[in-house]
Amino acid sequence: GAGVSQTPSNKVTEKGKYVELRCDPISGHTALYWYRQSLGQGPEFLIYFQGTGAADDSGLPNDRFFAVRPEGSVSTLKIQRTERGDSAVYLCASSFGQGSYNEQFFGPGTRLTVL
Amino acid sequence: QKEVEQNSGPLSVPEGAIASLNCTYSDRVSQSFFWYRQYSGKSPELIMSIYSNGDKEDGRFTAQLNKASQYVSLLIRDSQPSDSATYLCAVKYSGGGADGLTFGKGTHLIIQP
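Taken in sequence, the protein lines are chains A and B. Okay, so the first sequence: first residue is 7 according to our numbering, each after it adds one. Okay, so the second sequence: first residue is 4 according to our numbering, each after it adds one.
Stretch-level coverage of chain A by chain B, calculated; a stretch enters the list once three of its residues show a Cβ under 8 Å from a Cβ in chain B:
1. 43-49
2. 61-70
3. 107-117
In case anyone wonders, no lab produced these hints; they're calculated from the structure. Yeah, the Cβ is synthetic: ideal placement off N, Cα and C, and Gly gets one too.
Chain B with its partners taken away, still in its complex shape (with noise of 0.2 Å):
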């Protein structure tokens, strides 16, 4: 079984600090790795994608990847109110023709003025 998990929040970040938010996943056999943003009543936006070891850094995000942990997380430098919304990681697991991405519940995330 497939999992993809993240904390369900809400998670409460004041305006200009650092969001942080996690996710793992339970497969070893796993190639991408993707975090999508979702405003209540719409569909989720991609932010970031990773696929390798490491840290990527698009803006004033971070997306950090350690594979050997199973562990992803996106980090969100200088949070705004309009950064508000909820955070969905996603996995892309390679063969066994698992060509879908496995969506987390995702994390909810405000941002206080």
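Isolated chain A, as found in the complex (with noise of 0.2 Å):
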């Protein structure tokens, strides 16, 4: 089956503007999650949604970063008056339910670049 997309693969911005990223989880995971990877650095985690709310945004590094997921399916990351430090790759993972013991498999990333 189709595993998880993210769109777009590739973004550029100018410092100030406002960018969605957006996810689309494997079929019937109710579990997605939002991490953002700099180079030479593991995946961190940022926000993770249970269906339709956000269960634990915790590593949402500060207000200009917010994330929705209206139907329980697909997510979308907004980003507010990019900042120069919010260039990364940004990548969303899905899992079957949640709790410690579910998998959780990663889309391609969006590598976005402010400028």
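Given two chains presented individually in distinct reference frames, assemble the corresponding complex, making use of the accompanying hints.
As structure tokens, then:
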């Protein structure tokens, strides 16, 4: 079956602009995660959805970052007033359910470059 | 502060040998452990998950977990050049609303033909 998909694959924007990154999880997966990966680092957790609600947003760096999942499937990560430090690869992952034993599968990522 | 530590490498191993990748974690309240492989420019790909002390084998890969020592490792037998990648160790901590994975920085593995 199809894996996690993310669009766009690359996004170049200017400092101060607003961007939206989209994630479409594996069909049937109820849990969805957003991570951010900078060069030479492991992925850093941002936010977790179980169904439509954000169950854990403890990783969002500040209030410029926001994510939604209105119908419990596709999710959009929104970044306002982008800064150069926001440049990274944004990864989405999904798992069949919540809980510690559910394996997370990653999408191909969106490379965000803020000029 | 929950941390996952890995030697960044590069770890160079001759083709056909056993590659041993190590990871330590800081918090005893942890339940699940995962190894991901990441090729340059690609996203992480799940290789193994392990939840109980001991060994878990899947093909050429063996994950080992020792919760008392807070240590998890990945062995790759009969290493192939295609195994050259960065290997990420990830830990799922329990409780406190921490639902995401905590990753190490990864170990860069090079298999020499």
